[in-house]
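Q: Sequence:
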Amino acid sequence: DEASPVPSVTSIWPVAGWLEREVFDMYGVIFSGNADLRRILTDYGFSGYPQRKDFPLTGYVEMRYSEEAKRVVYEPVKLAQDFRNFDFMSPWEGAQYVLPGDEKAPQQPKSGDKA
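Residue 84 in our numbering sits at position 7 of the sequence shown, with consecutive numbering throughout.
These are calculated hints, taken from the structure and not from any lab test. Please note that the accuracy of each hint is not assured.
To be verified - Derived lysine to aspartate or glutamate pairs resembling DMTMM-like cross-links, with alpha carbons at most 20 Å apart:
| no. | residue 1 | residue 2 |
| --- | --- | --- |
| 1 | Lys130 | Glu99 |
| 2 | Lys130 | Asp102 |
| 3 | Lys155 | Glu139 |
| 4 | Lys130 | Glu79 |
| 5 | Lys130 | Asp78 |
| 6 | Lys147 | Asp113 |
Quick caveat: nothing in here was measured; it's all calculated off a predicted structure.
Please model the complete structure; the sequences and the hints are all you need to start from.
A: Written as structure tokens, this is what we have:
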């Protein structure tokens, strides 16, 4: 269960607190017994855990420094193009079907066939 806390090892190795903070920040794992479980790599207002599979690749907001406002501003992510899933064919397997225009092309024998 993702809400179940994991026991902390900071009582054995005090330096593990930094690593537990990083795991919490990136994956959302809660360590019981860690007194300083706060974000270490992302900013404090960050929502979500970026290394989890349910986190979108583009993120939720874009953070940048605005010269006009002289401060850091947060804006919703605007993509010029929607996410596309390219289904490429493996160059080693090749097509198992005849493409239009290739009907008259000589058929190559398969690796087990005799010519």
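Q: Each of the hints needs a verdict: does it hold here or not?
A: For each hint, the structure was consulted:
1. For the proposed pair lysine 130 and glutamate 99, the alpha carbon gap of about 17 Å is at most 20 Å, so the pair holds.
2. For a cut-off of 20 Å, the pair hint linking lysine 130 to aspartate 102 stands: about 14 Å separates their Cα positions.
3. For the hint linking lysine 155 to glutamate 139, the alpha-carbon distance of about 9 Å falls within 20 Å, and the restraint holds.
4. Under the criterion of a C-alpha separation no larger than 20 Å, the hint pairing lysine 130 with glutamate 79 is consistent with the structure, at around 13 Å.
5. The suggested pairing of lysine 130 with aspartate 78 holds, with an alpha-carbon distance near 15 Å, which does not exceed 20 Å.
6. With a CA separation close to 31 Å, the supplied pair lysine 147 and aspartate 113 exceeds the 20 Å bound.
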